[in-house]
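Novice: Okay, here's what each chain looks like letter by letter:
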Amino acid sequence: DSGVTQTPKHLITATGQRVTLRCSPRSGDLSVYWYQQSLDQGLQFLIQYYNGEERAKGNILERFSAQQFPDLHSELNLSSLELGDSALYFCASSELLEGEQYFGPGTRLTVT
Amino acid sequence: AQSVAQPEDQVNVAEGNPLTVKCTYSVSGNPYLFWYVQYPNRGLQFLLKYITGDNLVKGSYGFEAEFNKSQTSFHLKKPSALVSDSALYFCAVRVPSTTGTYKYFFGTGTRLKVLA
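Protein sequences appear in the order of chains C and G. Heads up, the first sequence is in the numbering used here, so the first residue is 10 and it goes up one at a time. Heads up, the second sequence is in the numbering used here, so the first residue is 89 and it goes up one at a time.
Where hints are given, some of them may not hold.
[Unchecked claim] Have a look at the derived ranges for each label pair, beta carbon to beta carbon:
1. S116/G to D49/C: 47 to 53 Å
2. T22/C to A102/G: 44 to 50 Å
3. N129/G to T22/C: 22 to 28 Å
4. E103/G to T119/C: 33 to 39 Å
5. T22/C to P128/G: 36 to 42 Å
6. Q76/C to G188/G: 30 to 36 Å
7. D10/C to T140/G: 44 to 50 Å
8. E96/G to T22/C: 34 to 40 Å
9. R72/C to G104/G: 38 to 44 Å
10. L144/G to A23/C: 46 to 52 Å
11. Q50/C to T187/G: 29 to 35 Å
12. T22/C to L144/G: 30 to 36 Å
13. S91/G to S74/C: 24 to 30 Å
[Said to hold, decoys possible] 25 Å max Cα-Cα, derived PhoX-like pairs, lysine-lysine:
14. K201/G to K110/G
15. K110/G to K157/G
16. K201/G to K66/C
17. K165/G to K66/C
18. K110/G to K146/G
19. K201/G to K165/G
[Unchecked claim] Listing some non-contacts, in silico: residues in chain G with all C-beta distances to chain C over 10 Å:
20. N100
21. S185
22. T187
Simulated from the structure, these hints should not be mistaken for lab results. Backbone N, C-alpha and C define an ideal beta-carbon position, used for all residues, glycine too.
Work the whole structure out from these sequences, hints included.
Specialist: Below, the structure is given as structure tokens:
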């Protein structure tokens, strides 16, 4: 158990809908990362927040957005969902800006 | 374009033999380099990272990686493979972006199979 929690574990929704994935980092970790893992595109880094501020950006679509709240939990919002957004979404946290990352168990999103 | 390459989709090695999982990168500047492992039905775990200093980096579970600047490589190694090392391994790099933040790039992953 890494200490990083993600909810929900599974999510099934229809195309065009909007969902929110939640991540609680390990106690004391200031940095949160979001990743997408799909069969056709592999593992992709989406975005990183550090103490509430965006610090790194990857291949995150404009339909996706994220934020980190004052209590350091983070949410990833996915809107206008498409079939291709079906994937496993991981959150990770680290104590420092570039520290060792601890991953959560992931949220499996299925778009039908 | 900046990228990370893991040229082997799968690597098979006999238990007890040394293993190498290859990673090369093409980025500007001085990158930070990482290896992660994904065991079956589990999330990713951090193995090791290189930022600066000694080219040989030691990480978790007996793994190490060698940074080679001239060959732009960061190969993952272990002297003696265990069956329990069978997993999916990802190489990643972090580079500064033009906006003052950073970007991470991941390789496509290499599946390591250790045979008893």
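Novice: Run every hint past the structure and note whether it holds.
Specialist: Hints, verified against the model:
Here the CB-CB span from S116/G to D49/C is close to 28 Å, at odds with the stated 47 to 53 Å. The hinted range of 44 to 50 Å is satisfied by T22/C and A102/G, whose Cβ atoms lie roughly 45 Å apart. A beta carbon spacing of about 23 Å between N129/G and T22/C agrees with the range 22 to 28 Å that was offered as a hint. Hint check: E103/G to T119/C, Cβ distance near 37 Å, so the stated range 33 to 39 Å holds.
Distance hint for T22/C and P128/G: a CB-CB separation of about 27 Å, inconsistent with the stated range 36 to 42 Å. Between Q76/C and G188/G the beta carbon distance is about 19 Å. The supplied range of 30 to 36 Å is therefore violated. Checked against the given bound of 44 to 50 Å, the beta carbons of D10/C and T140/G, roughly 32 Å apart, lie outside it. For the hinted restraint 34 to 40 Å between E96/G and T22/C, the CB-CB distance of approximately 36 Å keeps it satisfied.
The hinted window of 38 to 44 Å between R72/C and G104/G is violated, with their beta carbons roughly 49 Å apart. One distance hint, 46 to 52 Å for the beta-carbon pair L144/G and A23/C, holds here, with the actual separation near 51 Å. Under the hint 29 to 35 Å, the C-beta atoms of Q50/C and T187/G, about 23 Å apart, miss the expected range. Restraint check, T22/C to L144/G: a C-beta distance of roughly 47 Å breaks the suggested window 30 to 36 Å.
One distance hint, 24 to 30 Å for the beta-carbon pair S91/G and S74/C, holds here, with the actual separation near 26 Å. Using a Cα cut-off of 25 Å, the hinted pair K201/G and K110/G holds, with the two alpha carbons roughly 14 Å apart. Our distance criterion of 25 Å between C-alpha atoms is met by K110/G and K157/G, whose separation comes to about 14 Å. A hinted pair counts as satisfied when its Cα atoms are at most 25 Å apart, and K201/G with K66/C does not qualify at roughly 33 Å.
Distance restraint check for K165/G and K66/C: the Cα-Cα separation of roughly 30 Å exceeds the 25 Å cut-off, and the hinted pair is therefore not satisfied. This hinted pair checks out: K110/G and K146/G have alpha carbons roughly 16 Å apart, not beyond 25 Å. Only pairs whose Cα atoms come within 25 Å are accepted, and K201/G paired with K165/G is accepted, the gap being roughly 14 Å. The claim that N100/G lies off the interface holds: its Cβ sits roughly 21 Å from the closest Cβ of chain C, which is beyond the 10 Å cut-off.
With a least beta-carbon separation of about 7 Å from chain C, S185/G fails to lie farther than 10 Å from that chain, contradicting its non-interface assignment. At roughly 8 Å, the least C-beta separation between T187/G and chain C is not larger than 10 Å, which violates its mark as non-interface.
Of the hints listed earlier, those the structure fails to meet are numbers 1, 5, 6, 7, 9, 11, 12, 16, 17, 21, 22, in rising order.
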